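S.K.: Assemble the whole structure, with the sequences as input and the hints as a guide.
First to last, the protein sequences are chains A and B.
By the working numbering, the letter at position 141 of the first sequence is numbered 141, and the numbering carries on one by one without gaps.
By the working numbering, the letter at position 139 of the second sequence is numbered 139, and the numbering carries on one by one without gaps.
None of these hints come from the bench; they were simulated from the model.
Keep in mind that this is a model prediction, so the values were computed, not measured.
Think of the CB as a built atom: it goes at the ideal place given N, C-alpha and C, for glycine as much as any other residue.
Hints may contain errors.
Taking lysine to aspartate or glutamate pairs in the DMTMM-like style, the calculated list, with each CA pair at most 25 Å apart, reads [as the list claims (entries may be wrong)]: (1) A:134 to A:38; (2) B:13 to A:107; (3) A:9 to B:137; (4) B:13 to B:315; (5) B:13 to A:108; (6) A:164 to A:186; (7) B:13 to A:115; (8) A:134 to B:286; (9) A:105 to A:179.
Restraint ranges, calculated between C-beta atoms of paired labels, are given here [unchecked claim]: (10) B:309 to A:193: 30 to 40 Å; (11) A:103 to B:4: 32 to 42 Å; (12) B:185 to A:90: 53 to 63 Å; (13) B:77 to A:138: 24 to 34 Å; (14) B:165 to A:52: 20 to 30 Å; (15) A:40 to B:31: 31 to 41 Å.
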Amino acid sequence: MRNFWQLYKRNRSAVAGLIILVVVVVVAAIAPILFPQDPFSLAGLAMSPPGENGFLLGSDSLGRDVAAGIAHGAKTSLLIGLLATIVAVGFGTIMGGLAGYFGGKIDDLLMRTTEMFQTIPSFVFAILLVAILKPSINSIVIAIAVVSWPAVARLVRGEFLSLKNREFVQACHTLGMSDIRIMLGEILPNCLSPIIVIGSLMVATAILIESGLAFLGLGDPNIMSWGFQVGAGRTLLRSAWWVVTFPGIAILITVLAINLVGEGLNDALNPRLRERQ
Amino acid sequence: MSQTAKRLRYVLKRLLQALPIILAIIIVNFFLLHMAEGDAVDVLAGEAGSATPEYMAELRKKFGLDQPLPVQLLVYLKNVITLDLGYSFRHDMPVLDLVLDRFVPTLLLMVSTIILAVGVGIILGLLAATGLNSWRDTLISVFALVTYATPLFWVGLMFIVVFALNLGWFPTSGMENIAMFYEGWDRYWDIAHHLVLPTITLSLFYLALYTRLMRASMLEQAGMDYVTTARAKGLTERRIMFVHVLRNALLPVVTMAGVQVGALIGGSVIVESVFAWPGLGMLAFESLFARDVNLLLGIFLLSAMLVVAVNLIVDIIYSWLDPRIEVE
Numbered sequence: 001m002r003n004f005w006q007l008y009k010r011n012r013s014a015v016a017g018l019i020i021l022v023v024v025v026v027v028a029a030i031a032p033i034l035f036p037q038d039p040f041s042l043a044g045l046a047m048s049p050p051g052e053n054g055f056l057l058g059s060d061s062l063g064r065d066v067a068a069g070i071a072h073g074a075k076t077s078l079l080i081g082l083l084a085t086i087v088a089v090g091f092g093t094i095m096g097g098l099a100g101y102f103g104g105k106i107d108d109l110l111m112r113t114t115e116m117f118q119t120i121p122s123f124v125f126a127i128l129l130v131a132i133l134k135p136s137i138n139s140i141v142i143a144i145a146v147v148s149w150p151a152v153a154r155l156v157r158g159e160f161l162s163l164k165n166r167e168f169v170q171a172c173h174t175l176g177m178s179d180i181r182i183m184l185g186e187i188l189p190n191c192l193s194p195i196i197v198i199g200s201l202m203v204a205t206a207i208l209i210e211s212g213l214a215f216l217g218l219g220d221p222n223i224m225s226w227g228f229q230v231g232a233g234r235t236l237l238r239s240a241w242w243v244v245t246f247p248g249i250a251i252l253i254t255v256l257a258i259n260l261v262g263e264g265l266n267d268a269l270n271p272r273l274r275e276r277q
Numbered sequence: 001m002s003q004t005a006k007r008l009r010y011v012l013k014r015l016l017q018a019l020p021i022i023l024a025i026i027i028v029n030f031f032l033l034h035m036a037e038g039d040a041v042d043v044l045a046g047e048a049g050s051a052t053p054e055y056m057a058e059l060r061k062k063f064g065l066d067q068p069l070p071v072q073l074l075v076y077l078k079n080v081i082t083l084d085l086g087y088s089f090r091h092d093m094p095v096l097d098l099v100l101d102r103f104v105p106t107l108l109l110m111v112s113t114i115i116l117a118v119g120v121g122i123i124l125g126l127l128a129a130t131g132l133n134s135w136r137d138t139l140i141s142v143f144a145l146v147t148y149a150t151p152l153f154w155v156g157l158m159f160i161v162v163f164a165l166n167l168g169w170f171p172t173s174g175m176e177n178i179a180m181f182y183e184g185w186d187r188y189w190d191i192a193h194h195l196v197l198p199t200i201t202l203s204l205f206y207l208a209l210y211t212r213l214m215r216a217s218m219l220e221q222a223g224m225d226y227v228t229t230a231r232a233k234g235l236t237e238r239r240i241m242f243v244h245v246l247r248n249a250l251l252p253v254v255t256m257a258g259v260q261v262g263a264l265i266g267g268s269v270i271v272e273s274v275f276a277w278p279g280l281g282m283l284a285f286e287s288l289f290a291r292d293v294n295l296l297l298g299i300f301l302l303s304a305m306l307v308v309a310v311n312l313i314v315d316i317i318y319s320w321l322d323p324r325i326e327v328e
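M.R.: Here it is, written out as structure tokens:
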């Protein structure tokens, strides 16, 4: 662990990304303390510019506090990004692992499926799924996971394929270990680092997809989110630029920070790559 | 066998490989249609205001909605193959007509985006790779990193605030100024003027992608043996970079341009709805609000087919560009 941190620390932009990410997580965690009121509720004078009438980042046409929306929206973005990634990585790992380990028909089927998923426009498919399942946290998480898992499956399949013929796995077979034990106990731990890296980058993509869906009006109507704020503020573009600007910056900074952390993890977990540089 | 015949066979083979994917997409589409709440008859009854259960049952029979699912699937397949994508009750028009109507603007936006993103991406990647680890490289890398993380809809809105509302350089939305009744070159110029902001917005994300790819590809090629040979022959660094390395480095960028078309369509839904660009994406946005699932599915099907077609074309171009790729 100590060694890992030493390696991670060498990438300075990754450390910066981690600091930003921690700030976003803290803001999300203390949002109910900072802004105890419902972010949808009227908080004061409508259309206040930033810094006036007690609004740090201004208010929108309904008198909603933009800063409160951003703080509460942070929780939504992180939660959906994380949940969707967990579902996608879990499902992708199972499918990819089975396909890589057993090969044959399962492998064929999986490869055709991922090919199809690479062909269909994933964002349009996500829109379609949320529209049909009705917008809610569940349907958004499902839609993002459905369009994200094939990438994980392909990666895990490749790793399993190259590891299953290695000597240590053959030794396990000779010892009479069951397939499940070999897959979970021996092969999976050896391909954990690329899975962690792809997972961390996937959180960033998931947040971008979620904000896009919310912008188009497909967010959960009961929870505040950054994409919803931008979408609701776009009609005020002429008169109140701040309603659109600040939530967008929040998305940008969060996604950027997660990408930097993902690259840092990649550098730290992938020693071969680091030596080449 | 002659070269032309071989190439023809390759194209046919790739076409055959694309068929199961298209079939799978149509089947997925069919099941999504069934997952949606209510069928065409419910929609019709809702539009009409009042309908007796007997009348609705009769309608269902007429549309074949009382048949078992596999039969319905076959009917749906037959309909799609004969280009019947169903009927949009909101627009009171066949889905196919609606979708084809909006196809040209989207194509215009996508082609100009690909040209801009690939062109500028190649130049930026080249600049970064030739000045490795200099301030130029760092600047371009930071630019790529930031644009990669920016939500498209937000950039589009910011562009509108800065370049359309404050500076007044470009129109805020739409594809042309219909009220001006422009004709001929004036009309093309007007459309091009409207095209600038949406194209730049949609390009940004892919620009970052191609810049990174081009940089990596240049660096990879620069380490190849043929570069050492060229250097040993006494060629200038400039000639090695721009004639030998550049040509080989371009190939992965061309492939990527094909692979990314699916993502580009997703991006165009966002960009078109921001700039009210009257293409497929805008239609999808409108159908979301109207809860017009039939239309949404038609758009999805057409865009998926578009991706299949573009990938096929890229493969064929690729086999021309790189003779090493086995045509057989």
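S.K.: Given the hint that residue 13 of chain B pairs with residue 107 of chain A, does the C-alpha gap stay at or below 25 Å?
M.R.: With Cα atoms ~22 Å apart, residue 13 of chain B and residue 107 of chain A stay inside 25 Å; holds.
S.K.: Is residue 13 of chain B within 25 Å of residue 315 of chain B, Cα to Cα?
M.R.: Distance ~12 Å between residue 13 of chain B and residue 315 of chain B Cα, so the pair holds.
S.K.: Measuring from beta carbon to beta carbon, are residue 77 of chain B and residue 138 of chain A in 24 to 34 Å?
M.R.: Holds: the Cβ-Cβ distance is about 31 Å, inside 24 to 34 Å.
S.K.: For the pair supplied as a hint, residue 105 of chain A and residue 179 of chain A, confirm whether the alpha-carbon distance does not exceed 25 Å.
M.R.: holds (17 Å)
S.K.: Between residue 164 of chain A and residue 186 of chain A, is the straight-line Cα distance small enough, at 25 Å or below?
M.R.: holds (10 Å)
S.K.: Within 32 to 42 Å: is that where the Cβ-Cβ distance between residue 103 of chain A and residue 4 of chain B falls?
M.R.: 38 Å Cβ-Cβ, so the 32 to 42 Å window holds.
S.K.: Take the C-beta atom of residue 185 of chain B and the C-beta atom of residue 90 of chain A, compute their distance, and say whether it sits inside 53 to 63 Å.
M.R.: holds (57 Å)
S.K.: Do the beta carbons of residue 309 of chain B and residue 193 of chain A sit within 30 to 40 Å of each other?
M.R.: This hint holds: roughly 38 Å between Cβ atoms.
S.K.: Please check whether residue 165 of chain B and residue 52 of chain A have a Cβ separation lying inside 20 to 30 Å.
M.R.: holds (21 Å)
S.K.: Between residue 134 of chain A and residue 286 of chain B, is the straight-line Cα distance small enough, at 25 Å or below?
M.R.: Holds - the C-alpha atoms of residue 286 of chain B and residue 134 of chain A are around 16 Å apart, at most 25 Å.
S.K.: Need the status of pair residue 9 of chain A, residue 137 of chain B: alpha-carbon distance at most 25 Å?
M.R.: holds (22 Å)
S.K.: Take a quick look at whether residue 134 of chain A and residue 38 of chain A sit within 25 Å of each other, Cα to Cα.
M.R.: holds (23 Å)
Every hint from the earlier list agrees with this structure, and none is contradicted.
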